[in-house]
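*Asks:* Sequence:
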Amino acid sequence: MRGITILLLIALLPLASAVTSIHIEWDVEQPIDVERRYIEHFPSSSLDCIDCIETTEDDIVVQWWRYSEQTGSSWPDDDANLRAGNMGVELNESRSIINGNNSDTRQHLIDVEGSFSIRSDLDEQYYLVANLTVTPLVDLRNDVIMQLLFVEENSEDNHGRELSYLVRDLNSEVGFYRTGGNTSEVNVTVSYEHLFAAGVDLSDERYGWNVLIVVMGAEYDSIDPPGVIAMYETSVPTSSEELSLLDYLPPLVFITVALVIIFSVVRSAFNQEHGLPEVRARWKDSKDPAIVIEIDAKRRDVAIQGCEANEPWSMRGGVKRSTIESGSALSFDVRFKKWRDELLVLKLKMEVDTLGGWTQNIRLPLRSKAERSVQDEQD
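Converting from the sequence shown to our numbering requires adding 92 to each position, the first position being numbered 1.
Hints may be right or wrong, so weigh each one.
[Unchecked claim] Below, a list of computed lysine to aspartate or glutamate pairs in the DMTMM-like style, where the Cα atoms sit at most 20 Å apart:
1) Lys-376 x Glu-434
2) Lys-439 x Glu-386
3) Lys-429 x Asp-377
[Stated by the list, open to error] Computed Cβ-Cβ distance ranges for the label pairs, DEER-style:
4) Ile-315 x Gly-419: 45 to 51 Å
5) Glu-254 x Met-407: 41 to 47 Å
6) Glu-161 x Glu-254: 16 to 22 Å
7) Thr-163 x Glu-386: 18 to 24 Å
8) His-200 x Met-407: 34 to 40 Å
9) Ile-315 x Gly-273: 21 to 27 Å
10) Gly-448 x Ser-327: 39 to 45 Å
11) Gly-449 x Leu-183: 34 to 40 Å
12) Lys-379 x Leu-447: 35 to 41 Å
13) Met-407 x Gly-300: 41 to 47 Å
Please keep in mind that the hints were generated in silico from the structure rather than gathered at the bench.
Yeah, the Cβ is synthetic: ideal placement off N, Cα and C, and Gly gets one too.
Sequences and hints are given; from them, build the entire structure.
*Replies:* Following this line, the structure appears as structure tokens:
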């Protein structure tokens, strides 16, 4: 009898999930015309942007906020500081960057098709899914990268500061073919916890959100710094088709029990995700190639086991084995023997208490020679 009950509950799980889930989907549509400029503003901590350029209604404008630690603002600043570091924007310097590399023109060298969707497997916990196909129109350099930006049209922090078109969250993706005519499938999920940490709570506010696809790169034989080679802008829809319990004939008691099972399973998965550490990496401001890795242990101790770099990068020395207690943080440098012209891919190996071994893949775009201010070493 117990076995039959379990089988009935399993059969009802898809129906119970359909009743409680949300699925809002929309297409990527057409790329933004190359005549329209992509402007990135880096305002100062006072929100002034004295050295920023004037924009027009045709420009696609986003703003990066970098001063939450200094001002106690609830706006996120990790991604902004990473972007500023990659572009050589100093702290408290107000600047604008045009088309990703301060070029007056930009190109369309990649076609992106597919859809975005906002989903919720649990009530009031929304996450973003991108199911895309990416097709380069020409051969591209190895430093190409696709950015997914979650932008809030009008944002206010906990101190009443206001910014328009604030970048709340940045996700980078490089897993696609770089040769012309080759199509790749790119599937990205931005979790509820990740969005919530960036101040994006779609259960509280579903209006005024945009998702931008910005592809940075250059043709294979180009010597110019990476610029915008494809750009798409979408607005998050504000409604979805609602499903009713009357659409389903199974007894309500079974659906209720199935919901309890689903809640327990998903809650366990969320608890496991909360236990994993948060890992951040950025280039260090030095003439020699080095990065800074920051690790925040959450609910479980984390033991650093080692680190290795993908070719052609080669580490100078290793990473000291150490343990980070839960609720603590650790930062350390990883140095490399010489600058390379390839994307940096690093594998950080860790042991998380009760969760086992875990490898974090760290990807950082190559810093330009102007940012390094050092001549390339000779082989």
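*Asks:* Could you check the structure against the hints above and give me the numbers of any it violates, in ascending order?
*Replies:* Hints that this structure does not satisfy do not exist here, as all of them hold.
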